Structures are given as structure tokens and as C-alpha cells.
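Chains as they are written, first to last, in my numbering: chain H, 25 to 352; chain W, 3 to 429.
Don't read these hints as lab results, they were simulated from the structure. Small disclaimer: the values here were computed from a predicted structure and weren't measured. Please note that a few of the clues may not be correct.
[Stated by the list, open to error] Ranges between beta-carbon positions, derived for each pair:
1. W/V408 - H/A40: 56 to 66 angstroms
2. W/N365 - H/D88: 14 to 24 angstroms
3. W/T79 - H/G164: 29 to 39 angstroms
4. H/I294 - W/K285: 55 to 65 angstroms
5. W/E416 - H/G322: 52 to 62 angstroms
6. H/L77 - W/V366: 54 to 64 angstroms
[Said to hold, decoys possible] Computed list of lysine-lysine pairs in DSSO-like fashion (alpha-carbon distance at most 30 angstroms, straight line):
7. H/K87 - W/K429
8. W/K75 - W/K281
9. H/K56 - W/K238
10. H/K87 - W/K75
11. W/K63 - H/K168
12. W/K63 - W/K75
13. H/K337 - H/K348
Virtual Cβ for every residue (Gly too), placed ideally from N, Cα, C.
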Amino acid sequence: MKDKTQRSILLACFLAIPTILLFVFVLYPGFKLALISFTDWDGINPNYNYVGLKNYTQVFQRKDIWQSLKNNNLYFMLHLLFIPIEMYLAMLLDRYIKKSEFFKTIVFMPYIINGVAIAYMFSFLYSSEDGVLNGLLALGHIGKIRWLSDPKIVNYSLVVVSLWRFTGVHIILFLAGLQSINKDMLEAALIDGASVFQQFIKIIIPNMKSILSIVLFLNVRGALMVFDIPFVMTSGGPGTSSTTFALHTVKTAFEFSNFGLACAMAIVLIIAIIVISVVQGLVLEPEKFKGKLDKIKGLVKKEKLKVEEVIEKEGERLEEEKSKRVTV
Amino acid sequence: MKRYLKVLGMGTMLFMAACGDGEKKEVAKTEDKKVELTFVTYSGTGEEYMMDTNSLSEAYKKIAPNVTIKMEKIPATEYDNTMKIRNSAQKLPDIFPVRVVTMESFKSVLLPLNGTEAAKVNKFAKDFEIDGNIYGLPMYGFNEFVYYRKSVFNELGLEIPTTWGEFVALSAKIKENGVYTPMALGAKDSWTTYPFNEFMPFLVPGGNDIWSKMAVEKDPFSPGKPFYTAYDMLDKYYNTKPFGEDPLGYGWDQEKSMFASKKAAMLASGQWFYMDLEKEMSKETLEDIGVFVLPARETKDEPFRYLVSAEVFLSIPKYSKNADEAKKFLDWFFTSDYYKEYVTYMNVLPAVEGVKGRESMFNVAIANIPNPEVVLQKGGDERFRKIANYISFDVKRMGQEMIQGVNFTEYMNEFNKRWTEAQENTK
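All chains should be modelled from the sequences, with the hints used to inform the complete structure.
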């Protein structure tokens, strides 16, 4: 009895504590965020007005917001282009490099370094006054490049930092995927005379779809939420040329006291990530969605049949009753 | 009778003794009631003086032994956000400074200080009233200057400019020489453009309240309007590239170093910058530093407008549990000897009538202004703040964009459009 009570208390705690934490730190703030997105709250005044969908229409109408999304797009595209390279590097580490543990550590290292420290480090590399990169260019008698102050270049400079930081984690994920592939399949393909490229296309990629979808999800989420790198290195400048969506959201809230709009932007960001991820999943693993869709269709069909059966039986019953009445 | 007198005498003595005890108890009660006043400020407001050099808490303890001032410093760049976050949790300190540009937003949570002794003696307070209320008491005032290297001016035979044209020509002459960058500007940190992009619209005939005036205008970015005039002057100046090779590539720290190491001949900043210079330069090199006031007038016949910025508006939140004690502290602070020592240390303009600051080259530069006219930098009314927030109007960022190069007419037209749109949407 005592054991049973203890077990019940333990179980209740295990259920209650995470539920409370989830409610306090995720659901309630999320609900509050959504609520504020319909107001004109300035972040200071205790009073605010409900403005309906005004903030949401602004999110879609404002040029500056679209401009910041364009900058996010650059992060997304360049990371996307880098995925095959990451896969290739993972393959190299898996197959051809002996004692790859050391290289794995090196590759993973940038990810575990603090983002702000990385941003500072690259600021020194890019410095137009005494930066390492311009120093190297000077050795080749090439003039200085304004890595962080030329609006045409600044975003590319920042994306390079992001690539340097996140490529490692993608490689490690791909490596885990590669190692989970049955080696017999690859050996059989080799015996059958398949080239490395053919093995890659026909065996590796199909077997790594789930890892690929994780990496793509991380890419979408990461690209839309880039904040620390531009914040530390350029503060979104010069002007607004390297401002990303997340940075714009923070500035809208704190610099321009427009918390309502900032919350609406945050909600749109959440929805955008969900929608893009679903679309990505549809493209990458249509069979999975097809399976789910078939299951839903099956359920609907089953329910429909049940309903039809009930209607039929009811009809028969009514007919029977009618005929009885006529006989009487 | 004697007996009665004896009893009466003893009774009186007992009564007096009881009264005496009561008084003692009252004093002890007051002394026992310990109060901790939290006072948060941002870096650059003389916090090291108030916290370490000449402890403000210790000085006030002599006046009110039961009150402890607990001071905290927040980096200036993080200050506004930190205060907004603390306010959302109703955790603002008992005393904290509000900047002139955020006063309008904070007014709803601040306690009016109208009747206080501190407000009566503060010579700037009345000018910054909002809706007839004084919400903050500026600790001091500043003048803005152009710092210059005397040796460079002597070497190139340059004179202190008194019109905008002379100033532009002066920069061009330094640039022509090819040895020095005319003006150090670390515009990677957008705020460093403030002596130009934030203050110039006040200095051309814009006036103290230019922001509020702009709020009711349909096209404040059109030719003939103060903002346009000021920015047109700046655009032409920026086009002469006076800030060196890559002003957007380095920030405030590098800008300071450029000037301190004599790579740049001038640097525009407030009086507060001198404290930074004192830390970076030796006494001998400091003697090579001179200051003049940025001339924004186009001809010598016009008045020479110069800016006085009131700074660090000490405020008390409405929900402070120690509001009365905080008011008493402010009354003491602005009327005390401590305040006189503080403004002397800071080398700034005292905010209190009758207090004299440090004699310095700044006073001389101000005294030498021909045909002077004081302009106060006000933060703009509610209408202006709404419009500015709606379009994310940031003059310092505009400075960065102008330095990187814009088509000026199109740039101003775009702002006119955005301004009108904001006016319609923020009615």
C-alpha cells in the first residue's frame, strides 16, 4: 500500500511538474504573445487598445519588413546550397579519413563556441582598418574590401560566419545518418559496379531522408531566426542593410516601442516556420504524407460506410413500420 | 499644602519623564525604520564618482542615517531596454534616469515631481514639462562641441569656423593636405552620428521643439523646411568624404583612438567626451586639444545657435514603495554640497540655479560665440513619438545611410510619403 502511494505520488509529480512548466514557460507566454499582437501596446503604458488585425496587415504591407525577410532568404539559400557540400564532407569523414574522431571534433567545434564570441572574432577578421582578411589581400596588392560596411557585401560576409558556425553540426548529423546505412547495401552496389555518385544518389540519399528533413528544418528555422551574428557584428547596419527579421522584431519592440506589431511579427514567424516545414516535408517525403492521407481517407470511408449502414437500417425499419401500419 | 505640592511636583516630574521617554521612543522608532532606496543609472553619468570616488550612499547616510542608497550601473547601450523590461514586471528602481527622448513614453508610469524643492531649484525642469507635469529632473546639461587638435590647426594655418561654409572649407583643407582625416566618425555604431544627424535640425532655424512641429506637418522633408535644410547641408558635407576611408567600418572606440593618436584632426561630441580623453591621453597631450561649437548658420548675420542638452532626468516610478523617501533624497541631492562637487567632477553645466561648474575651455568656447542663441533639445510630443515609432524613424540610422550615399531628393521624398502614411494610420 505504501509502495503504491509512493508510486502514485511519483507519477503525479512526473506528470504535474512538466505540465506546470510547459504551461508557465510555453503556453502562457505564447497565449500572451498572441494577445498582445492584437493591441497597440507600447511596452511601457499599463493601458492599451485592441486594434484587431491591424498589426498583421502591417506585417504584410511594410517594405522594411520584407527587406529584412530578403536578408533572411540569403541565409536560407546559401545554407541550402551548402547542404550537398556538407553531405560530401560527411561522406569523406565516414569513408576515407582514418581516425576521423579528431576531424569530427574540429568540425563540430564552431557549433559549441558561443555565438557572440564567434561574431566578435569575425569582426576582427573583417575589420577594414587592421583586419586579417584585408591584410591578406594587401599581400596580393589587392585593395581593401569593406566587408561589413558595404551594403552590397555585408550580408554575404555575415552568411559566411553563419555557414562556418553551423556547417559542423549538419556534417555530424549527416555522418550519423551515413553510419546508420547498412554497409552490405553499399558493398553490393560496389560489386555491381556502381560509381560513388550512383551510390550517393540511389542508396545514400534515399536512406538519409529523415536526416535531410531534420537538416532542412534546422535550416529554415535557423535562417528565419538569425539574430546574434548581425546584432553583434553590424547591429543591422549600415542603415538597415543587414537587418534580419528577428533583429527587426526586437528593434520594433524595444527601440520603437511598438510591442503590438513586434508580437504580430513573432506570430507570423512561428506560422511561417510551421508552413515551410510542412511544405518541405511534403516535397521531401510525399509517401509519408500520402500514407497519412490514405489513413485519413480510410477512416473517413469507414465512417461513411457506418453512417450509410445506419441510414439503410433505419430506412428498412421505417419501411417495415409503414407496411405494418398499412396491414393494420 | 506642602504635601499637595510634593505630590504635584512628583506628578509633574513623572509626567515630564514619561514625555521624555516618549520622545526618545519616537526618535528610536524613526531611526529603526530602515529604508533602502534603489538608484539605477547608466554608464557615463558619473557612476564611478557616485559609487566609489565619493560615495553618494555614505554622503546621504549623514543626512538620513536610516536610508541606504543602493546603486547599480547598467551599460548605456542596454539601459533603455533593461528599464522597459523591468517596468513590465513593475520592478523599476525607486530612482532612475530617463532620457529626454523616452520621457514621453515613460510619463504614464512616472510620479509628477511638480511641488518638490528639487524641481523648484532645477533650471531645466520646467522646459521639459509634459502636459503641465515635471516627470524628471535633469542632473546636468551639456553643450556640444567639435574637439580639434591645436597642433594640426597651427600646422595647416586653420582658423575656428563661424559659419557652415567655413566649417566645410576647413574640412576640405585638412583633407587636401592628405595627412589627417578631417573628422573622426565611427559610424558603425549609428549613435555616433548624433552631433550631425540628430542635432542639426535643431540648429538651423528648427527650434527647441522641432519634432513636435514636424508631427503636424504633411511634408516636413520638403525643401524650405528645417529638417530638409539641415539634411541638405549634411548631405553636401558628407559628399566631400570628410570621415576617412571607411567611416561605416569602425565604431566609437576606434574613432576615439583615431583622434587621440592624432590620425584625425577633429571629432564632434558632447562635453562628456572630455572625461574619456582624460583617461586616454597624457596631461601634455591634452593641452593640444581645443574645442569650438559647430556652426550651423549659413551667414555671419544669422544668430549662432548652439545646443544645450539636458541629461539624465532623475525620475520616480508611481508604484515605488519608497516614493516619499525618494522625493526627499532628490530634494537633498540637488540642494547639497555633494551636487556641487559632482558637477565639478563631471565638468558639465549645473542644472541648479546658482551652482557654478568647473572653469574650463568649454566655458571659454561658449563665451566666444558671436551673436549666441540657445536651443534646447526637446524630445517631441506624443503625436511625434507615435509617428516616429510607426515608421521606425531613426535619424542616427539616416546618418549611416547618408554616409553610405543616397539620392538625396528621392530619399527625402520617400520620407515624406512614409510620414503622411504614418499620420493617417496613427490618428
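Results of checking the hints against the structure:
1. W/V408 - H/A40: 56 to 66 angstroms: holds (59 angstroms)
2. W/N365 - H/D88: 14 to 24 angstroms: violated (44 angstroms)
3. W/T79 - H/G164: 29 to 39 angstroms: For W/T79 and H/G164 the Cβ distance comes to about 37 angstroms; the hint holds.
4. H/I294 - W/K285: 55 to 65 angstroms: Check passed, 58 angstroms falls within 55 to 65 angstroms.
5. W/E416 - H/G322: 52 to 62 angstroms: Hint holds: Cβ distance 57 angstroms, inside 52 to 62 angstroms.
6. H/L77 - W/V366: 54 to 64 angstroms: For H/L77 and W/V366 the Cβ distance comes to about 60 angstroms; the hint holds.
7. H/K87 - W/K429: holds (21 angstroms)
8. W/K75 - W/K281: Since the Cα atoms of W/K75 and W/K281 sit roughly 19 angstroms apart, the hinted pair holds (cutoff 30 angstroms).
9. H/K56 - W/K238: violated (48 angstroms)
10. H/K87 - W/K75: This hinted pair is violated, its Cα atoms lying about 38 angstroms apart.
11. W/K63 - H/K168: Violated, because 58 angstroms separates the two Cα atoms, which is more than 30 angstroms.
12. W/K63 - W/K75: The hint holds at about 20 angstroms.
13. H/K337 - H/K348: holds (16 angstroms)
Violation of the numbered hints given earlier is confined to hints 2, 9, 10, 11; the remaining hints are satisfied by the structure.
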